[in-house]
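Using the sequences plus the hints, can you model the full thing?
There are 2 protein chains.
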Amino acid sequence: MNTPAPRRERLRAATIEEIKETARAQLAEHGLSSISLRGVARAMGLTPSALYRYFDSHDELVRELCADAFSSLADELEASEALTAHEPSGARRWLALARAYRHWALRHQVEYTLLFGPRTLDVDVKSARCGAEMRRALAVLFRCMADQVACGCVDTSHLEAQLQPELREELVAWGQAEGVPISPAALAACLSVWTSLHGALSLELFGHFPPQITDFDDLYDMQMLNVLVRIGYQPSIDIAAVMAPTALPGTDQPPITPEHEGPAPAA
Amino acid sequence: MNTPAPRRERLRAATIEEIKETARAQLAEHGLSSISLRGVARAMGLTPSALYRYFDSHDELVRELCADAFSSLADELEASEALTAHEPSGARRWLALARAYRHWALRHQVEYTLLFGPRTLDVDVKSARCGAEMRRALAVLFRCMADQVACGCVDTSHLEAQLQPELREELVAWGQAEGVPISPAALAACLSVWTSLHGALSLELFGHFPPQITDFDDLYDMQMLNVLVRIGYQPSIDIAAVMAPTALPGTDQPPITPEHEGPAPAA
DNA sequence: CTCGACAGAGAACAATGTTCACGTACGAGA
DNA sequence: TCTCGTACGTGAACATTGTTCTCTGTCGAG
Chain A
580 MNTPAPRRER
590 LRAATIEEIK
600 ETARAQLAEH
610 GLSSISLRGV
620 ARAMGLTPSA
630 LYRYFDSHDE
640 LVRELCADAF
650 SSLADELEAS
660 EALTAHEPSG
670 ARRWLALARA
680 YRHWALRHQV
690 EYTLLFGPRT
700 LDVDVKSARC
710 GAEMRRALAV
720 LFRCMADQVA
730 CGCVDTSHLE
740 AQLQPELREE
750 LVAWGQAEGV
760 PISPAALAAC
770 LSVWTSLHGA
780 LSLELFGHFP
790 PQITDFDDLY
800 DMQMLNVLVR
810 IGYQPSIDIA
820 AVMAPTALPG
830 TDQPPITPEH
840 EGPAPAA
Chain B
580 MNTPAPRRER
590 LRAATIEEIK
600 ETARAQLAEH
610 GLSSISLRGV
620 ARAMGLTPSA
630 LYRYFDSHDE
640 LVRELCADAF
650 SSLADELEAS
660 EALTAHEPSG
670 ARRWLALARA
680 YRHWALRHQV
690 EYTLLFGPRT
700 LDVDVKSARC
710 GAEMRRALAV
720 LFRCMADQVA
730 CGCVDTSHLE
740 AQLQPELREE
750 LVAWGQAEGV
760 PISPAALAAC
770 LSVWTSLHGA
780 LSLELFGHFP
790 PQITDFDDLY
800 DMQMLNVLVR
810 IGYQPSIDIA
820 AVMAPTALPG
830 TDQPPITPEH
840 EGPAPAA
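Keeping their order, the protein sequence lines are chains A and B. One rule links them: number in the working numbering = place in the first sequence (from 1) + 579. One rule links them: number in the working numbering = place in the second sequence (from 1) + 579.
Hints listed in this document are in silico derivations from the structure and should not be mistaken for laboratory results. Note that beta-carbon positions come from the ideal geometry of N, C-alpha and C, so glycine has one too. Mixed in with the good hints there might be a few duds.
Derived list of chain B stretches under chain A, where covered just means 3 residues or more per stretch with a C-beta under 8 Å from a C-beta of chain A [unchecked claim]:
| no. | region |
| --- | --- |
| 1 | 744-751 |
| 2 | 774-781 |
| 3 | 786-793 |
Quick look at the structure:
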């Protein structure tokens, strides 16, 4: 009796989920640009037109996948945040977070290009939900930085001095819009960090690094720790000790193979 | 008589150029993913099949465009290098180069996503020429860094200390393959710098920055100077003075509008 | 002047997203 | 229990894409 109307709606939700699941499989197999509606329909034993009962268009399906992917990334980051909440070393907390980010990206390569590749469709909007989930993911990164600043680990005074007035104002506006109690300099630091992180991942995932370089793990760790120092991390970092995997829960998983099953972007 | 056979070949070359030109126009107008062979043929008053006399496939046309774009980028960077050869301040030389990079990217947004977006086709190979032109572009960046190290402006000793042995070896191998007389630590510095540069541009161009931020010029300059410091730039940098546009030839052009004509990737 | 290579036309095939008109089965209200 | 509307799904169709044939001119070299 608790499902008076829902009965039908449940089936509908299940179908929607199956469609997205199938689309994700297609995506993982034939790479981006092969999320063909007809392909999905074929794999599900449906007629192409049937899918239009659930998604207004091909683009909307992609948007939905995008939002799911962002949500999954945010979950992963929040999980890492929770796992390392008691870790005293700020550098370690940050490294764990950065690793979690990369870990997700490696397990969801195609989704990553979907999220951070060129904005092919609808440019900015992308179904409010998409933006919301993205901000949720970024918020974890911001909290991490804000904590470091708050506890005195990171000194952003030199960044503060460098800020041009206009940019400073925009950062303030952004902070207010986001509702984060964080100084503009700290926000600039966040952007720097995010920029490096995204640059490293995007070069690695899109295959732009020279073929001789294969030890991306160390390169990534090194860059992520260096950027932390760059934004004003004060304690000296014993690279080897911090990079040692033992004390970083959630990041010493088995070697990452770009298999593409698993729980996937579960809500 | 200097054109015994060439007569025909000249026409052929002209046609090829016209095809690429038309494709570039399509690209600039309807964004990526709309380099349709049929569209190009239509715009040229040709039959689709006629294009196959000049390009084996749609992908090959795109590859050719890619190589041209890389070549154009490399030209721009080399031009900046030449223009600032006599500039004494290393920071200024670097900033000019970074600005030239961004300047090109802003004027060739779609090409940029073609170059640095997800490797959609043929993954790595992409017609030797493509890789060669890319390395030519990167080489300018390397020379800039190598110069700074050579003249003692940049001290990479702390990077050297951080290098894990495996990574160090790979960097050495890469340097040898590239034929650049540059230490592994300096190469790591190059990678860091390139990572930040690419991260910043890719976030900006693909529209991932929050809408409140619009002053990308200052943000970019700031990040590019900071990353220089991070890799070990020793002289103190007077941000305001270095960022002043007057002394940076080739970068104080009129405001950049993403118009998309101009000489384009002339060979 | 003749022949061959090349440029281009035009039809055709497979595959895509999308729409429309048509059935059909399920669940809610009588 | 019966009926009816709504949502689901089919099948055919259209426009578009890349790609491959076969055929026909036309230009240049011998």
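Counting residues of the region 774-781 of chain B that have a beta-carbon nearer than 8 Å to any beta-carbon of chain A, does the count reach 3?
holds (count 7)
Can the region 786-793 of chain B be counted as covered by chain A under the rule of three residues or more with Cβ-Cβ separation shorter than 8 Å?
holds (count 8)
Would you say the region 744-751 of chain B counts as covered by chain A, given the rule of at least 3 residues with C-beta under 8 Å?
That given contact holds, which follows from 4 residues of the region 744-751 of chain B lying within Cβ reach (below 8 Å) of chain A.
Checked against the numbered hints above, the structure violates none of them.
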